[in-house]
Amino acid sequence: MTDLRDVLDSAAGDTASPTPDVVADDVRRGRRALLRQRYARTGAGLLLTGAAVAAGLVVIPQLGDQPAQTQVAIPGAGGSGASAQPAAVALVPFDQGPTPKPISPGLVPEGWSVSGNEYALVIAPAGNTTSPDDFQGKLVVMLSPDQTAAPGATSIDVAGAPGTVSVEHGTQILVYTPDGSRQVVVQAPAALGWDGATLARFAAAVTPVDLRSLVEEVVMSLRPLLGRHEVVIAPAIRLHALADPPRLRQIVEHLVENAIKYAPPDTTITIDWELVEGVVRLGVSDEGPGIPEEWRERIFEPYARRDTHTARGSGIGLYAAKRLGESMGARLWCEPARPTGARFVVALPAAVAV
Amino acid sequence: MDGSSGARDEEFRAFVVARRPALLRLATLLSAGDEHLAEDLVQTALTRLYVAWRRVEREQGPEAYARRILVNAVVDERRRAWRRSETSRADLPEVAAATGTVEDRDAVRSALAALGPRMRAAVVLRHWLGYDVAECAALLGCSEGTVKSQTARGLDRLRALLSDELTPAPATSSPRR
Numbered sequence: 001m002t003d004l005r006d007v008l009d010s011a012a013g014d015t016a017s018p019t020p021d022v023v024a025d026d027v028r029r030g031r032r033a034l035l036r037q038r039y040a041r042t043g044a045g046l047l048l049t050g051a052a053v054a055a056g057l058v059v060i061p062q063l064g065d066q067p068a069q070t071q072v073a074i075p076g077a078g079g080s081g082a083s084a085q086p087a088a089v090a091l092v093p094f095d096q097g098p099t100p101k102p103i104s105p106g107l108v109p110e111g112w113s114v115s116g117n118e119y120a121l122v123i124a125p126a127g128n129t130t131s132p133d134d135f136q137g138k139l140v141v142m143l144s145p146d147q148t149a150a151p152g153a154t155s156i157d158v159a160g161a162p163g164t165v166s167v168e169h170g171t172q173i174l175v176y177t178p179d180g181s182r183q184v185v186v187q188a189p190a191a192l193g194w195d196g197a198t199l200a201r202f203a204a205a206v207t208p209v210d211l212r213s214l215v216e217e218v219v220m221s222l223r224p225l226l227g228r229h230e231v232v233i234a235p236a237i238r239l240h241a242l243a244d245p246p247r248l249r250q251i252v253e254h255l256v257e258n259a260i261k262y263a264p265p266d267t268t269i270t271i272d273w274e275l276v277e278g279v280v281r282l283g284v285s286d287e288g289p290g291i292p293e294e295w296r297e298r299i300f301e302p303y304a305r306r307d308t309h310t311a312r313g314s315g316i317g318l319y320a321a322k323r324l325g326e327s328m329g330a331r332l333w334c335e336p337a338r339p340t341g342a343r344f345v346v347a348l349p350a351a352v353a354v
Numbered sequence: 001m002d003g004s005s006g007a008r009d010e011e012f013r014a015f016v017v018a019r020r021p022a023l024l025r026l027a028t029l030l031s032a033g034d035e036h037l038a039e040d041l042v043q044t045a046l047t048r049l050y051v052a053w054r055r056v057e058r059e060q061g062p063e064a065y066a067r068r069i070l071v072n073a074v075v076d077e078r079r080r081a082w083r084r085s086e087t088s089r090a091d092l093p094e095v096a097a098a099t100g101t102v103e104d105r106d107a108v109r110s111a112l113a114a115l116g117p118r119m120r121a122a123v124v125l126r127h128w129l130g131y132d133v134a135e136c137a138a139l140l141g142c143s144e145g146t147v148k149s150q151t152a153r154g155l156d157r158l159r160a161l162l163s164d165e166l167t168p169a170p171a172t173s174s175p176r177r
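If you read the sequences in order, they're chains A and B. Quick note, the first sequence lines up with residues 1 to 354 if you use the working numbering. Quick note, the second sequence lines up with residues 1 to 177 if you use the working numbering.
Honestly, the hints are just simulated from the structure, not real lab data. Even for Gly, the Cβ is constructed at its ideal location relative to N, Cα and C. Mixed in with the good hints there might be a few duds.
[Claimed, not checked] Label-pair restraints from in silico Cβ distances: (1) A:274 - B:54: 54 to 60 Å; (2) B:36 - A:225: 18 to 24 Å; (3) A:276 - B:143: 53 to 59 Å; (4) B:134 - A:294: 55 to 61 Å; (5) A:213 - B:59: 35 to 41 Å; (6) A:228 - B:54: 24 to 30 Å; (7) B:160 - A:292: 33 to 39 Å.
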């Protein structure tokens, strides 16, 4: 006679403790999901996200568990870390203040300085800070994997992977570089003790990208958003495309998120790719209502949204995806999916076909 | 990120270090020994847990929340996209199972795979985690009568598959985690 509990206990496997890497990965996934949820939940955030991508740079405060009371002093244009007499500007939490206006393309926002390709936001303490503790904490920047802190940005902690954010009582500022290709999140603690945070802007770094690895990574990161949608990665063939990995990752994220928004629950989102005359065509297909022919180009315009009952979001995602694609020489279009639905295709130069 | 993300990170990290192995073991049983799927389920559960950390802490507690996600993922057909890759093992293992060896463990996992997901979850919750009938019913979203019938049939099935006289643990015994 065997005790069932012992039998099950044996079948459950070992009890080894997780390695530090496994724990760190769990934390990282959680942070990313939390950020995504907040973006999705905050209507103003969505609008601003779209505005930021469309317009270039935007600086917005983010709500937190404890609303920011910070006064951020922003000097005028100049080199990063400039110490000009600050003009205090109050950052107001999302849910309490007016919605900041989008910033026009080409216009350098107030508080930002431009030097070459560097875009710098200078943050300085407002008011008197008397306690040394006020200067402690971390200013953490979420950067794309290939980004680094600019020289002199000594207060930026980029040791962790993207998604590393650890600030108490923080005021969050979302920053997008003008081409919408980089998403950077800076958190400054309530008591600001640093003289600057400089964000470097990088040109697209096009390299061979293993599509399967990249797509699987994106799908994994979006799992919390999937709900009742299933994502199927279709092809068995392994292809490498020439692309800037962070930008391509964002494009695929936009397309999958778009499919989640518009395709009904319990349907499948299919990601596939093929090689056509030296060009890799990466497709994201859904089983939604599809897109009428007259809309297949217009949907890539900023704020263009069809008036459907399922329409949500800022209306900027596809525009951002197209801009991202163009920034690295890719094309993006929409076509009908078979048998129903919409199919978005990203065409990229092939690097290696196996 | 919120203003207390640092505290959230530390608390969550401590939870993962302490309880991830137990959650992985539960997921392994619920997925009938598919370790890859179990890892996938645990990652998903922990991701959702991180997002809901503050609320979960106030309400049911992180481990109960994570368990609920794991069980829901297994028993709710609509959320089980991964089940397409689950191999049906309706063929009965012919090896009598004791405990302790890899072969025995595989036989038990094969036997679990022959149960339906809800029945498997009922057996695991009731006879491995030590949940009472009411707790099982609440977690599985069914009646207590259904829990009783599912666990009874599940035990019968396991006995037949494992060619052994399995003895359910007393309801008062401490749960395995």
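Verification of the supplied hints:
A hinted range of 54 to 60 Å for the beta carbons of residue 274 of chain A and residue 54 of chain B is inconsistent with their spacing of about 45 Å. In this structure, residue 36 of chain B and residue 225 of chain A meet the distance hint of 18 to 24 Å, their C-beta atoms being roughly 22 Å apart. Taking 53 to 59 Å as the suggested C-beta distance range, the pair residue 276 of chain A and residue 143 of chain B conforms, at roughly 56 Å. The hint said 55 to 61 Å for the Cβ distance between residue 134 of chain B and residue 294 of chain A, and at roughly 58 Å that hint holds.
A hinted range of 35 to 41 Å holds for the C-beta pair residue 213 of chain A and residue 59 of chain B, which are about 38 Å apart. Distance hint for residue 228 of chain A and residue 54 of chain B: a CB-CB separation of about 26 Å, consistent with the stated range 24 to 30 Å. Take residue 160 of chain B and residue 292 of chain A: their Cβ atoms lie about 58 Å apart, and the range 33 to 39 Å is violated.
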